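Colleague: Sequence:
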Amino acid sequence: MRERLIVAFVGLTTLVVALFGIPRAYTLADLVHQQEVRKIERSLDLIAVVVERHLAGGSEITAGLLEPMLHEAERLEYVAADLATVTAGAVGAPARSDIAVTRAVDGGGHLTLTRAGAWVERQISQAIFPLAALGLALLCLSAALGFLAARILARPFQDLAARATELGNGRFDVVVPRYRVPEAEQIGAALRESAARLDDLVTRERQFSANASHQLRTPLTALRLTLEDLTLWPQTAPEVATELRRTLGEIDRLNDALSEMLDLARGRAATSEEVRLADVLDAAVRRWDGQDHGRRVLPATTDPGDVTVPAGPVGQILDVLVANAYAHGAGDITVAGRDDGSHVTVRVSDAGPRPAGQDIFGRGVSRQGSRGAGIGLAVARDLAQSLGGRLTLGPEEHTTFTLRLPKRG
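The sequence shown maps to residues 1 to 409 in the UniProt record's numbering.
These are computed hints drawn from the structure, not numbers from a lab.
Mixed in with the good hints, there may be bad ones.
Restraint ranges, calculated between C-beta atoms of paired labels, are given here [claimed, not checked]: (1) Q34 / A104: 21 to 29 Å; (2) T242 / G331: 25 to 33 Å; (3) Q215 / R276: 28 to 36 Å; (4) P94 / Q34: 18 to 26 Å; (5) A144 / A100: 24 to 32 Å; (6) R276 / Q385: 50 to 58 Å; (7) A144 / A90: 40 to 48 Å; (8) S342 / R217: 36 to 44 Å.
Since the model is a prediction, treat every value here as computed from it, not as a measurement.
Don't be surprised by glycine CBs; every beta carbon is placed ideally from N, CA and C.
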């Protein structure tokens, strides 16, 4: 925008200077030329008077007589009645630009006064120089004014761009000031309205998430207490008690997941105990491989080392990815992790065909023929982002999800 305004200012000024300055320069050059002709005619008249007096007195016309009456770059030629020629002044080859004036002299003969064209052109250049300097000054002034106007006009839009960036980063309380430029004010009004609507929408979603989490915790607590009592009954068979205790662990995991989802809904980064990545992967493999889906969940042969990750959020992401592989993939599921120096990488893959694009991470997007609500992968992606990482779909032929997290202290 700045460049266009400056080009417009300078271009318009150049056009005005050209339309005014070029004809003015030609007119000024013609005027100077005419003035030089008149000067030569007046000088020749004076010289002719002197020559006529000398001729009337019987004196001889010599170059020494004529020389003092000439100016710089002038040449005078006297041709007597007997064709005798006397020349004085600058000597040089005649040029087409020279100005020559001839006048007859009483008593016979004539005088020819010539002024060099280079001298005349120099006088014309000196006359045109102020005009050219004025045009150049106008061009510089227009460029400066264009730059200043561009800064003034661009400032509201630059400010709007910064406000829009803040809004895109989740700052729904961003303050958009009023602008004097009508176009900028229209954009600002749209941003203010959008920010208010988004703030209201996010507030209602967070309130719903908080209320839902709170409402779910009460029956979960009651269910846990009931199952815990059942494990203590003498009538409960040992096998049933073992299964109940496993179920209690799953309820605890669900309760932790609700807490972390509530933190995520409130805009806080997910927090959880730091546990070795290898232990988190092993727990996920044991948790899912023990279920009767007709397919295996296998750990990778590589050892991720002693690197640690937040157990809760990473475990939830693994659950979403493995469940997605069970629902939409094929063959055995492989869970792997490794230490990449500054980052930790976790990969979940199966033998199913890779879905097209990254749209599967959108909310409400589910694969064709599935009954899901299409929010599992979206929630997993949000959890990864809350940890400062990212969840992506790899380019491999078979479905491979990659979780990349920054390594913690």
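Colleague: All hints, please: hold or fail.
Modeller: Hints and how they fare:
no.: 1; hint: Q34 / A104: 21 to 29 Å; result: 23 Å, holds
no.: 2; hint: T242 / G331: 25 to 33 Å; result: 31 Å, holds
no.: 3; hint: Q215 / R276: 28 to 36 Å; result: 35 Å, holds
no.: 4; hint: P94 / Q34: 18 to 26 Å; result: 21 Å, holds
no.: 5; hint: A144 / A100: 24 to 32 Å; result: 48 Å, violated
no.: 6; hint: R276 / Q385: 50 to 58 Å; result: 23 Å, violated
no.: 7; hint: A144 / A90: 40 to 48 Å; result: 46 Å, holds
no.: 8; hint: S342 / R217: 36 to 44 Å; result: 37 Å, holds
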